[in-house]
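Engineer: Residue 1191 is where the sequence shown starts when you use the working numbering, and the numbers rise one by one after that.
Calculated directly from the structure, the hints in this document are not laboratory data.
Any given hint could turn out to be false.
[Stated by the list, open to error] So the derived label-pair ranges between C-beta atoms look like this:
| hint | residue 1 | residue 2 | range |
| --- | --- | --- | --- |
| 1 | G1224 | A1335 | 33 to 41 Å |
| 2 | R1260 | A1331 | 38 to 46 Å |
| 3 | A1339 | L1366 | 31 to 39 Å |
| 4 | P1320 | G1224 | 42 to 50 Å |
| 5 | Q1427 | G1262 | 23 to 31 Å |
| 6 | H1431 | P1228 | 42 to 50 Å |
Glycine residues also receive a C-beta, built at the ideal position from the N, C-alpha and C atoms.
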Amino acid sequence: MGVFQPVQDDHRSLEGRIVSYIRDLVEQGVLTPGERLPPERELAAQLRVSRTALREALHTLAALGLVEARHGRGVFVVGGSLQATAQRLSLALEARETEEESVARIRQLFEIRRVLEGAAAEWAALRAQPEQIAEMQTVLARDRALRTAEEVDRALISELDGQLHALIAASTANRLLVLLMASLLDELATARSRSLVLPERIKRSLEQHAAIVEAIAAHDPLAARASMIAHLDDVEQAIVHSLEAQDRNQPAQTQDS
């Protein structure tokens, strides 16, 4: 039996399922740094997916710092250990923490995100190539279409949210920053989904993403940093309020049962 098996169907987009599948292989050590992936046509056949979906997934994996396309040579695995370590740490913490500890951990994570992603947005405004900005705008357009649809697909919105932040990090041309960002975005995936439960949060997040991308496209580093930090402040507040409300409602639910 080969390394690659058909991608299983679930609620996520095909691109998201491919990203998760290959990322799991990297983080589990099945695919190792320096290993070359099969050619696109062959890999698409093994996964039983379209080449278009595979190509988009590989772009996302590259933005996350997990693979790298080398001209004339193919796509190679370049990372994974940092993300795997962060994920194991996150699971260990979540397994034994109280709501109060969850709030404290979220606040600590957002302190780090403000430092890293504020710098990422600033550097992206200075360093992003035209094709990278175009890719951010494409993701933003997909995000806008989803958030304004009659039925909101929160799982896919959360996925695109992470993809946009990863693209911004990738455009800084700082590989260590990309890896650090990927580990934090993984840890916050569940919390991010929780924040998107609120309808007003969905609209605000879209407006904030648009402001960040607009500042990067205008090559305005100060505006890019300020827009990113304002966005992170708002997301942190929404997540913390959600956790605190959940904690307040717990006793009432216990008494009613």
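Engineer: If a hint holds in the structure, say so; if it does not, say that too.
Structural biologist: For each hint, the structure was consulted:
1. G1224 to A1335: 33 to 41 Å: This hint holds: roughly 38 Å between Cβ atoms.
2. R1260 to A1331: 38 to 46 Å: 29 Å, violated
3. A1339 to L1366: 31 to 39 Å: Since A1339 and L1366 have Cβ atoms about 37 Å apart, the given range 31 to 39 Å holds.
4. P1320 to G1224: 42 to 50 Å: At roughly 30 Å between Cβ atoms, G1224 and P1320 fall outside 42 to 50 Å, so the hint is violated.
5. Q1427 to G1262: 23 to 31 Å: Hint violated: Cβ distance 48 Å, outside 23 to 31 Å.
6. H1431 to P1228: 42 to 50 Å: 46 Å, holds
Of the numbered hints listed earlier, those contradicted by the structure are 2, 4, 5.
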